[in-house]
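K.L.:
Sequence:
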Amino acid sequence: MRNTYEIDVRAQCPVNPKDTDLYAFTIESDDIIEVEKIVAFFKQRRKLKIFQEALTQQCAVTLGARVTSVGVHSGVKVTCVAP
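By our numbering, the letter at position 3 of the sequence shown is numbered 172, and the numbering carries on one by one without gaps.
It is possible that part of the hints are untrue.
In silico lysine-lysine, DSSO-like type, Cα no more than 30 Å apart, as pairs [to be verified]:
hint: 1; residue 1: K187; residue 2: K218
hint: 2; residue 1: K246; residue 2: K212
hint: 3; residue 1: K187; residue 2: K246
hint: 4; residue 1: K216; residue 2: K206
hint: 5; residue 1: K216; residue 2: K187
hint: 6; residue 1: K216; residue 2: K246
hint: 7; residue 1: K246; residue 2: K206
hint: 8; residue 1: K218; residue 2: K246
hint: 9; residue 1: K206; residue 2: K218
hint: 10; residue 1: K212; residue 2: K187
hint: 11; residue 1: K187; residue 2: K206
FYI, nobody ran anything at the bench for these hints, they're computed from the structure.
Please model the complete structure; the sequences and the hints are all you need to start from.
P.N.:
Quick look at the structure:
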């Protein structure tokens, strides 16, 4: 069975502290991931200055899933996939 979880995430921009970035995350797993675990992962990182790429990688490792994130930075759409 393949499970897909989608969540919009706001995070502190690591370059411009006045900006808040918005990312669309898709998390895919053959196992069940409790949604509370997903929410807690992002809540713990909400105020961290972290790049989208690093956040995507951390999410994949922590949740043991394939993670895709899409965000727009300075007019550039960025899509990250991990692993």
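K.L.:
For the pair supplied as a hint, K216 and K187, confirm whether the alpha-carbon distance does not exceed 30 Å.
P.N.:
Roughly 12 Å between the alpha carbons, so the hint for K216 and K187 holds.
K.L.:
Given the hint that K187 pairs with K246, test it: the Cα-Cα distance must not exceed 30 Å.
P.N.:
The given pair, whose Cα atoms are some 19 Å apart, holds under the 30 Å limit.
K.L.:
Holds or violated: K187 with K218, Cα cutoff 30 Å?
P.N.:
holds (11 Å)
K.L.:
Does K206 lie within 30 Å of K187 when you go C-alpha to C-alpha?
P.N.:
With Cα atoms ~28 Å apart, K187 and K206 stay inside 30 Å; holds.
K.L.:
For a C-alpha distance cap of 30 Å, please report whether K216 and K246 respect it.
P.N.:
holds (22 Å)
K.L.:
Hey, K246 versus K206, does the alpha-carbon distance stay inside 30 Å?
P.N.:
Roughly 27 Å separates the two Cα atoms, so the pair holds.
K.L.:
Holds or violated: are the alpha carbons of K246 and K212 at most 30 Å from each other?
P.N.:
Judged against 30 Å, a Cα distance of about 23 Å means the pair holds.
K.L.:
Are the Cα atoms of K206 and K218 separated by 30 Å or less?
P.N.:
holds (21 Å)
K.L.:
Please work out if K216 and K206 have their alpha carbons no farther apart than 30 Å.
P.N.:
Holds, at roughly 18 Å.
K.L.:
Would the pair K218 and K246 pass a check requiring their Cα atoms to be no farther apart than 30 Å?
P.N.:
holds (19 Å)
K.L.:
Would the hint linking K212 and K187 be met if the CA-CA limit is 30 Å?
P.N.:
holds (19 Å)
In this structure, none of the earlier numbered hints is contradicted; all agree with it.
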